[in-house]
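Listed in order, the protein sequences are those of chains A and B. The working numbering numbers the first residue of the first sequence as 104 and each following residue consecutively. The working numbering numbers the first residue of the second sequence as 12 and each following residue consecutively.
For the record, the hints were derived by calculation from the structure and aren't laboratory data.
Simulated pairs of lysine-lysine, DSSO-like, Cα-Cα distance not exceeding 30 Å: (1) K323(B) / K283(B); (2) K62(B) / K230(B); (3) K201(B) / K285(B); (4) K17(B) / K410(A); (5) K271(A) / K201(B); (6) K322(B) / K271(A); (7) K17(B) / K233(A); (8) K213(B) / K151(B); (9) K201(B) / K258(A); (10) K370(B) / K223(B); (11) K403(A) / K233(A); (12) K230(B) / K271(A); (13) K323(B) / K334(B); (14) K406(A) / K17(B); (15) K334(B) / K271(A); (16) K206(A) / K107(B); (17) K171(A) / K403(A); (18) K171(A) / K408(A); (19) K206(A) / K45(B); (20) K17(B) / K408(A); (21) K151(B) / K201(B); (22) K17(B) / K403(A); (23) K334(B) / K285(B); (24) K370(B) / K271(A); (25) K271(A) / K285(B); (26) K206(A) / K102(B); (27) K271(A) / K283(B); (28) K284(B) / K271(A); (29) K271(A) / K355(B).
This structure is a prediction, so every number in the text was calculated from the model and none was measured.
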Amino acid sequence: MSRYFYYLVFVNMIANVVASVPKILLLEKTEGAILSMVLALPLGLVLCYIVAKFFNRFPGKGLPEIMKKYLPRWFTFPIIILIAFGWFMAGMITLITYSFLLKRFLTPDMPLVWITAIFLLFISYGILMKTSSVLYTVEFVLVCCLPVIFIIIIKAYTTAEMEWDFVKESMMYVYRLPTFSALAASTYLLLGGFNLIIFNRFFTKRKQKMTLLQILFLGIVAFGSLFTTYFVPIGLNGFEGVETISYPWITTSDALRLELGIIERVLFVFLILYLAVSFLSLLIHWHVSLELFRSVIQIKRLKWKEKNLVPYIIIGVFWIISLQLTKYLTEHQLTIYTSYFFDGLLISFIAMVGLFWFILRRAKA
Amino acid sequence: MKKRLKGTWRAFVILFIVGTLLIQSGCGFKDIDKRIFVLSIGVDHTDNKEKPYRVILKLSVPSGSLKESGAEYTYLIKESESISTAIRLLKTETDKELDFGHAKVILFGEEILHHDYREIMDFFLRRRDIQTVSWVGVGKPSAEEVLTAEPNSEMAGAHALFNYFDQNGVESQLIVTTYLFDFRRRVLEKGIDPILPILMAKENNKRIDLNKSIVVNDKNEVFTLNEKQTAIYNLLTNNIERLDIRVHNEDVNFTVAIDTANVGYQLITEQKKKPIIEMDVEMIGIIQEADMITNPEKLRAYSNATSKTVKKDVLETLTQFQKNGMDPIGFGVRYKATRLPNNKRNQEWQSLYPEVEFKINVNATLKSTGVIE
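Make a model of the complete structure from these sequences and hints.
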């Protein structure tokens, strides 16, 4: 596959750390979180493979175009709206989680709504960009951030305070049966490939291929990512008591100390880095969401100076919903709803595979 | 005309965005000259039931230039029912905003450990601005005395306590460093007990000694480690690589400087047998000081003597821990980490630990007699 496909997958893998994935997993630490992660790995890879394979059949086409071509309109419309809404929620979770984080750690004196609004301001500009520009942004920011994130992870593994006995203690729970919410949360790491439903419009140039070697590569990265997400917080914060931390990874990064670094407290470096990565994640998800909405909601008459106003109206709705939700939700509710969202996501993505199969059958016929 | 209009529109949007930036800086950011930095926080226990906590904040006094000022600190002290109430009251005693972002040392009076120190720990963890990489210690005779001590070697802007703990300044086998997050995980985890360094103010608060440590177990019992036990603890947890050991041999007494040390242990429990902890200590070093001319051909013999001494010390220390029901090394965690959970591993270990037999193998290698023989 083109390297841009990997970026889409990687952003999900990295951004999950600040979303509620580690928290959900750690809540299940004595209830089969480990086996869930083990199961999530092949499941996620298979889903990833299927989606890549499917879109390789239709180079340069997004899901809306494919569906419009092969499926009836009454069927296409609700499905696309549903999917778009799902992507919107995914972005929203990142947005609200990160606004909470900023409020807690970086700008405690700023009103929460302001923080969200500033985020939204930049995002609104970002998601209106062309699909290719979005991908270039993703590449650039990732290339800047990945090395530093890598250093922080290496630091976490090599610090003297990393207590492997705690990690081993948690591994003793490996025989517990997996739970659905842990499975769903850990599969989420690998679902970045599904962004192809819009971003496939960009992959036009040559025939893309998904080989076994590439899947293996993704598998190794996903394994490392899952392992780090779950075990590093345990190793640094102890096994009993790790689940009572609101933001496991933020506290974990605060336990690291770069004695001779420019900034001693890794926490701040970490927050800034993840600000960038969360921004990317939000950008990707909402770009997909916006494009999906746009593909089905077309009101030709709504024009002002030869510009169609529909996308602006959609963004306005995005603003209102996110500002209201930020005001309404508490941290605890956010974790719980995120967990429900992940559960729903896994089921609907498996359903989406069914949809792909249906489309392929229609296409052949 | 139309193009021109578009240009103005764009300029307006840009101006608007720049304008919002202006509002941002106004909505809560306090300038550095309106802040005063807390360097360390001390909490003592008073016997007053109404106001059980005595909070001491050590602040660095801002000064115009580094050259003119000596080491100037000021202190805020308040007794209250909780730490946050004390801090709220203290805020009114300075003209600036108290900034905890640089508070890197947290000291407890020893009395605190006998009471509910978990609540106090909770305060420090719940606040976002106090680093979890700040060092925790116990002040003797009280946290206040240690914090108000101003050692002669202290320089402006360089809090002496920071240098003690930061392994950049002084490096010693006798200093235990415990970060706040480490303290937390040890308190919450059954099977490993928190250990804190003891800081002792001496000579009219002109000197601070830091060579003992204290362990607290789950029942709020404390056990003080002396210098030797502290060094052994540091050795056993692989915290230090360098340490000095005094060895008494038949013909020659000497001190060994160890520069590489590695410790590992295994926990063996078998049915109807005493549980065994088998510990291997590997050390490499040189002779640093001797009361006679040393014979390089007898290095092997010296090594054996060193091994024997270390073995004795380690055994003594571990037996002391065991007798007092303390587990700062985390044998309990290892026990849980090597067995499948059955929901009562903690209780099992509680009954097993007093029975444990220690088997210690020390392998010390002396490479040289130093610059002279």
